[in-house]
Amino acid sequence: MLDLKKLVNWLSGTSAKKEEVSAVAAERRRFQRLQLEDCEATFFGGGPFPVSNLSYGGFQVDLASWAALPGIEKNTVYDCQLKMQGVQLACRIVVKNLLNTLAGCAFSDMTPAQSGVVTDFIRPRIVGCSLCEINAAKLKNDSPELKMRWFQGENGAQVFLWQTVEGESVKQEFYFFDYFMTWDNAGEGLRTGKVKSESRGSFGRISPDSVMFFRIPPYRALKLGRTVLECSKLPEEARERILQEIASEEKRLFHRYIVKDGGVVFVTDEPAGHKLSVLNISMKGIALYNAPESPVNCDNALSGSLVIGNRAIRATFKPAYTHANLVGGRLLVGDADSQQQFEEFLAPRLLAQYLEEVPSPTERPPFAPPNAHSYLYTGLYNTHLLSLVENGDKLNAGRIAFMDRALSFRNNKLAEYRCPEGLIFPGDWELDAAILWPLDSVEPMTRKICREMVDSAEQIAPEVKRAWLAVLAA
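Count along the sequence shown starting at 1, add 18, and that's the number in the working numbering.
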């Protein structure tokens, strides 16, 4: 049975362990290589063996711990399980070179999905390693009283940093993979956006008008930006502040649900029946709009009900801060039943809030009808929604995955699986039976969470939403 408390803890947990990658080797190779830690391979009937470097084309592995080392044959294809700092990939490799206990292996017969996994892992790390400072004199400085520094890397990655004559960092811009991040001392923290298509590939800085800023930053943007910066050798002043801003935004991301259009209100007991609109809400906190025309005294704790649709959940609000007409603080939900109702409301909306459309798989499934269109949305951690929609609003096949759960639709049948390691790759149409535990039937709670997740996700295409809601309501 789906453990709702486990899902809540998973949603509000800390981000993955920090990954450390050393700089790209200076030697010229066909593929750039990453020197990295916590990467290993299992094959030849043994292992795991440590992988010392990795490229788009293959990797080097140390087989010193393997007694049957002399039995390896060059130019022979072997099945392999590759673990890349928490990302696991089943693939085939060919041993190309042997030097003492070191084996140079090339990937063999990679599918587009497998190549995509390797590319998604390597690319931001390669970009981070490539960032270096260049001469900014050729660019116009809009703040001549400040010193502007320019860092540039592969794939159009750029960092601009403005400092006072004393060396204090005042503002910064970061361009990577069509995303844009900026902060300044006079602003409201980190702002994240996406560069409009007509402005991509531009040299140097671009106008803020060329960026579509997100109300809520996508998890993918924060994760990619953090990976690029953590793998870079940028000086501390160009790296640490923006990493702190990203970490703060990630922390808020895992906890906070932004409420729109007065969909949730807090109704106080005293004064009786007074309604305060909820602006954002988390498992333990809440921010309310205290209307200036009829303000409520928020010096002390307020008891009342959190009204969500036709549900009224008993709760206590303990104010902690005020800013203009906003008042925020702790939210203490009443009994266990109220807590259950609250978690059932919040969990699917947190899952939905951070879904972002990404390029759909390039490899169409063999069963896809000619008129079907594929869509892919990714979100927090391993959360994703993969859909093959035909005739505008009919779901032909698809999958919703989050935490250790996967809901799969194929041949007009909905099935639920458990994946304890959470290692389903979003772009894979076929599920690896070796890592899945099929359930006898779809659990009602899983169906409910998926239905509310799809229904509340504003960024999902209307035809995808209609198709999934029809299946989940059946």
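Where hints are given, some of them may not hold.
To be verified - Calculated lysine-lysine pairs in the BS3-like style (CA-CA distance at most 25 Å, straight line):
hint, residue 1, residue 2
1, LYS466, LYS483
2, LYS293, LYS336
3, LYS101, LYS241
4, LYS251, LYS156
5, LYS158, LYS101
6, LYS165, LYS269
7, LYS466, LYS412
8, LYS156, LYS114
9, LYS114, LYS189
10, LYS412, LYS23
11, LYS165, LYS189
12, LYS412, LYS24
13, LYS114, LYS92
14, LYS251, LYS23
15, LYS483, LYS212
16, LYS251, LYS241
17, LYS24, LYS241
18, LYS114, LYS158
19, LYS293, LYS212
20, LYS251, LYS189
21, LYS214, LYS241
22, LYS24, LYS269
23, LYS241, LYS158
24, LYS412, LYS483
25, LYS114, LYS101
26, LYS293, LYS269
27, LYS101, LYS156
28, LYS431, LYS412
29, LYS189, LYS158
30, LYS251, LYS214
31, LYS241, LYS189
32, LYS302, LYS251
33, LYS466, LYS302
34, LYS165, LYS293
Simulated from the structure, these hints should not be mistaken for lab results.
Legend entry - Satisfaction of hint between LYS156 and LYS101, Cα-Cα up to 25 Å: Judged against 25 Å, a Cα distance of about 44 Å means the pair is violated.
Inset, instruction - Assess, step by step, whether the Cα of LYS412 is no farther than 25 Å from the Cα of LYS483, and give holds or violated. - result: 10 Å, holds
Inset, instruction - Starting from LYS293, check that the Cα of LYS212 is at most 25 Å away, please. - result: 37 Å, violated
Inset, instruction - Compare the distance between the alpha carbons of LYS158 and LYS101 with 25 Å, and conclude whether the hinted pair is satisfied. - result: 45 Å, violated
Legend entry - Satisfaction of hint between LYS302 and LYS466, Cα-Cα up to 25 Å: 23 Å, holds
Legend entry - LYS156 paired with LYS114 [C-alpha distance capped at 25 Å]: Distance of about 46 Å is beyond 25 Å: violated.
Legend entry - Proposed proximity, LYS189 with LYS114 (alpha carbon, max 25 Å): Distance of about 49 Å is beyond 25 Å: violated.
Inset, instruction - Measure nothing beyond the straight line between the CA atoms of LYS251 and LYS189; if it is 25 Å or shorter, mark the hint as holding. - result: 19 Å, holds
Legend entry - Restraint status (C-alpha distance of LYS251 to LYS23 at most 25 Å): Roughly 40 Å between the alpha carbons, so the hint for LYS251 and LYS23 is violated.
Inset, instruction - Starting from LYS251, check that the Cα of LYS241 is at most 25 Å away, please. - result: 18 Å, holds
Inset, instruction - Below or equal to 25 Å on CA atoms is what counts here, so check LYS431 against LYS412. - result: 13 Å, holds
Inset, instruction - Measure nothing beyond the straight line between the CA atoms of LYS241 and LYS158; if it is 25 Å or shorter, mark the hint as holding. - result: 31 Å, violated
The earlier numbered hints that this structure contradicts are 5, 6, 8, 9, 10, 12, 14, 18, 19, 23, 26, 27, 30, 32, 34.
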